[in-house]
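K.L.:
Each chain is listed here by its residues.
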Amino acid sequence: MSTQPHYSTAPGKALGNIPIHHRYTVGVAGERFFKAMRDRKVILAAACSSCRQRFLPPKIYCEICFVETGDWSPVEGPARVKSFTLLHRSLDEEPLTQPVAVALIVWDGVRGGILHRVGGLEDPSQLKTGLLVEPCWADERAGGVNDIRFFAPANP
Amino acid sequence: MPYKNRVAVLGAGLTRFMRRALETPKELAFQAASAALRDASLTISDVDCVVGITAPDAFDGVHMNAEYFADGAGARGKPYMRSYVGGGSGVFGVINGWYHVASGDFDTCLVVAEEKMSSALPHPQGAFNAIYDQFLERPLGVNLLWIFALEMNRYMSAHGVPMETFAQVARKNKLNGMDHPSSQSGISGDFSIEEIMDSEVMAWPVQRLMVSPVSDGAGAMLLASEEFVKKRGLDPVWIEGVGWNLDTSYWTNRDLYYPRYLEKAALMAYDMAGVTDPRKEIHVVEPYDPFAYKELHHLEGLQLADKGQAPRLVEKGFWDRDTLAGIPATPSGGLIGVGNPIAAAGMMKVAEIYWQLEGRAGKRQVRREARRGLAQAWGDLMQVGTVVILGK
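Here the protein sequences come in this chain order: A and B.
Be aware that the first sequence starts at 34, since it is given in my numbering, and climbs by one per residue.
Be aware that the second sequence starts at 369, since it is given in my numbering, and climbs by one per residue.
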């Protein structure tokens, strides 16, 4: 890995890039959140030590009271699709052969939610606001958001 | 005075500066912001608006980084503004916060500076390549060190400054930094002149132990209006003057031996503060010191020494922390002795002047009486000077 820029120059133009790479730390809260997904297949929420509201994704602070969060515990019960979309183009605007379903997934009693793919649908028309879903965990989990393959309709 | 409010400093907070923090930018911002609120004995509900400061997004690797960490800065549900002039940002953010309160629009402003340089690989210097001209300079693989080496060479040649003098500045700041609780591991210490002079040459004449490190960290400061202060019966440190200025954006068109950008910024701040003889009226100073030579360069730009005289004063101990006859410069330890998480490093300098004037600098407290002090930063395309004068 290098930050030496690669340039092809000619009169009138220069092709170039901003040659920067990154290695991110997942953070104090992130380590706890993703380790729990990897090791225990649970999604943790954190409760504010002042207002007691539970937040997802969990942070070390409550952004409302601006104090530290205290109790961390897994979200329980079925998740719900709060909103969704069907993607027909890739990030580079290439057409997709199959539309990809993504949704904002929320739990009752928890503020916030997480973005994820929705899979296991018999038909795209099955995807509706309010649909009850559950995480489909990957067998090999590295401690990241893709430890969940997708959310699938919950078995009643 | 054309401003509606006098503006006071009610508290400041810093994280530890680190080579690589586990904390995310949001978490660093929260630690510093909540420390500043505790220092001011206030809570987030007392904060009317928030200013966020961070240097290039390329370091943290998050586009719109100041917006990304805004909830960690306590900005949820509040007016928020990012200030950005590269390395000058830490002090510029305080200037921006000052405007928010001086305007009369807000009674309080929380200013939060965050920088996580460790995310950039293989080294954040690579990110600096992209600030240069994409036709003339970037294809050569330029980074900041090139230009600073040229500037340092020009400065030392113009004034006949020996390398030992720069090593003495680095030694002073690294010694001062030993007493700073935020000092990055391994940065401060009792380094001998020989050790500093023998350190690795990075881009001659710039050497490893005369350059600030790559750092992660955050800092914050709480500003308030005179009315807010009076209601609480406080006797605070006040912001007496602010100034900033840009030289030409193209570095070849500056005479590198003297920072004109800073002379103009300083004169603006002195004028606002009613300072007519800065060498007598500024009692403690935090000049921006990412490189040892820059401290001297900037002391001249600040009019605290004649051109070419700041190095001569080093030898007399004029800038030492325990001076009684001189002006203590960088009592914090500065970027060389504490660390350089860019925006947070500038904030650290303003915080140091605040704590010095409050008499709360602990082991770093200067010996001479200090009623007025100045903090300064520099950066952007190396053409910006930002200055804040505090007084008690």
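Among these hints, one or two may not hold up.
Claimed, not checked - The following label-pair restraints were derived from C-beta to C-beta distances: (1) LYS68(A) x LEU489(B): 40 to 50 Å; (2) LEU518(B) x GLY152(A): 28 to 38 Å; (3) PRO128(A) x VAL569(B): 39 to 49 Å; (4) ASN188(A) x ARG600(B): 58 to 68 Å; (5) ARG647(B) x PRO90(A): 49 to 59 Å; (6) ARG600(B) x ALA185(A): 40 to 50 Å; (7) GLU505(B) x GLU126(A): 28 to 38 Å.
Unchecked claim - A short list of chain B residues far from chain A (calculated; beta carbon distances all over 10 Å): (8) ASP439; (9) PRO490; (10) GLU595; (11) GLU683.
None of these hints come from the bench; they were simulated from the model.
Please read all numbers here as calculations on a predicted model, not as lab measurements.
All C-beta atoms in this analysis are idealised placements derived from N, C-alpha and C, irrespective of residue type, glycine included.
K.L.:
Take the hints in turn and mark each one as holding or not.
P.N.:
Hints, verified against the model:
1. Under the hint 40 to 50 Å, the C-beta atoms of LYS68(A) and LEU489(B), about 24 Å apart, miss the expected range.
2. The beta-carbon spacing between LEU518(B) and GLY152(A), approximately 57 Å, falls outside the hinted interval of 28 to 38 Å.
3. Between PRO128(A) and VAL569(B), the C-beta spacing of about 55 Å breaks the proposed range 39 to 49 Å.
4. Taken as a hint, the range 58 to 68 Å holds for the pair ASN188(A) and ARG600(B), whose Cβ atoms sit roughly 59 Å apart.
5. Restraint check, ARG647(B) to PRO90(A): a C-beta distance of roughly 54 Å satisfies the suggested window 49 to 59 Å.
6. At about 57 Å, the beta-carbon gap between ARG600(B) and ALA185(A) misses the expected band of 40 to 50 Å.
7. In this structure the hint that GLU505(B) and GLU126(A) lie 28 to 38 Å apart at CB holds, the actual value being about 33 Å.
8. A Cβ of chain A approaches the Cβ of ASP439(B) within 10 Å, the least distance being about 4 Å, so the stated non-interface status is violated.
9. Look at PRO490(B): its CB is around 5 Å from the nearest CB on chain A, not clear of 10 Å, so calling it non-interface is violated.
10. Annotated as non-interface, GLU595(B) keeps its C-beta farther than 10 Å from every C-beta of chain A; the closest such distance is 23 Å.
11. Remark: the non-interface label on GLU683(B) is consistent with the geometry, its nearest Cβ contact in chain A lying 39 Å away (cut-off 10 Å).
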